[in-house]
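Chemist: The listed protein sequences derive, respectively, from chains R and Z. All the letters of the first sequence, read from the start, carry residue numbers 179 to 292 under our numbering. All the letters of the second sequence, read from the start, carry residue numbers 4 to 117 under our numbering.
Keep in mind that the hints are not guaranteed to be accurate.
Claimed, not checked - FRET-style restraints, in silico, Cβ to Cβ:
(1) Z:Glu56 with R:Lys261: 36 to 46 angstroms
(2) Z:Asp10 with R:Asn278: 22 to 32 angstroms
(3) R:Gly181 with Z:Ser15: 27 to 37 angstroms
(4) R:Asn196 with Z:Asp10: 37 to 47 angstroms
As the list claims (entries may be wrong) - Facing chain Z, according to a computed beta carbon distance under 10 angstroms, are these residues of chain R, among others:
(5) Arg222
(6) Gln234
(7) Ser277
Calculated directly from the structure, the hints in this document are not laboratory data. Model, not experiment: these values are computed from the prediction. Built from N, CA and C at the ideal position, the CB exists for glycine as well.
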Amino acid sequence: DGGITQSPKYLFRKEGQNVTLSCEQNLNHDAMYWYRQDPGQGLRLIYYSQIVNDFQKGDIAEGYSVSREKKESFPLTVTSAQKNPTAFYLCASSLVEYSNQPQHFGDGTRLSIL
Amino acid sequence: SQQGEEDPQALSIQEGENATMNCSYKTSINNLQWYRQNSGRGLVHLILIRSNEREKHSGRLRVTLDTSKKSSSLLITASRAADTASYFCATDSRGETSGSRLTFGEGTQLTVNP
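This is chain Z alone, in the form it adopts within the complex:
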């Protein structure tokens, strides 16, 4: 079963608007990560939020994490046509020992119309 589930599955907005994507998960996590994938390409890491953090910013990205609700959100502000891509959340449920083993959700397809 999917550890991370994104909502919505697809989102279409106009350039300049904000885009919010949500992710829910089922088990305890070490951290939660957001990745972006352009069509036919590999994934690019956007931001990592640890289980003891509640909010993190990176440029136009803002991620929140609510471990009591087992959910996270990714906000992209002032969207651009170049933000059009699929966005995935991934949870790392391993301990603090070594490496990472991520479980990915099915993604949100974001379309930003010029």
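Next up, chain R with everything else stripped away, as it sits in the complex:
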């Protein structure tokens, strides 16, 4: 089945530690996105990428980094510079070739501080 896989489902970070969240898709989508969701709130865009080896900052990129070395993969690193990383992180993808396309989401990674 085509879809987006995020791992791990739960992740714990120690103070001063960088952690990496995985996002893989087999939908052959060009565009991929990372969102942060805090309790009872909507989604805020962290980073997005429309093509391999290129990505842009979203609205809350500080303290995060990404890479896009393969079309299928868009990992997110939460660095120690992100002082409030506890949140639910969602990865999504969409077609780029056509406009008016929906985004397809993974099931998220919940990050907590130890």
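Use these hints to put chain Z onto chain R, whose structure you have.
Modeler: Same frame as chain R, now just chain Z:
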């Protein structure tokens, strides 16, 4: 600031009743999309309405769009307990060029009581 704002924040109804959720936005849009999120899961795309469309149906869902008032509504008819979830509107303000960059509202929590 939030591009999409949903109203009400929470809605509780009985099975079989209709549920109406509203979304307002501030800038011109290319399209508006509605998503559903079950607790602890990713978002699932429900319906996309383009800026030149006024109404769209999909099964028990009916979406309207009024670009003069910058508002949209989602109607779920004959609700079921399984419809219990958070519902988000998202606006795509990019041009017709490529990809999508969505701005999400804070969502409406719908509870359907059996």
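Chemist: Are the hints correct? Go through all of them and say.
Modeler: Each hint tested on the structure:
no. : hint                                      : in the structure
1   : Z:Glu56 with R:Lys261: 36 to 46 angstroms : holds, 43 angstroms
2   : Z:Asp10 with R:Asn278: 22 to 32 angstroms : holds, 25 angstroms
3   : R:Gly181 with Z:Ser15: 27 to 37 angstroms : holds, 32 angstroms
4   : R:Asn196 with Z:Asp10: 37 to 47 angstroms : holds, 40 angstroms
5   : Arg222                                    : holds, 8 angstroms
6   : Gln234                                    : holds, 9 angstroms
7   : Ser277                                    : holds, 5 angstroms
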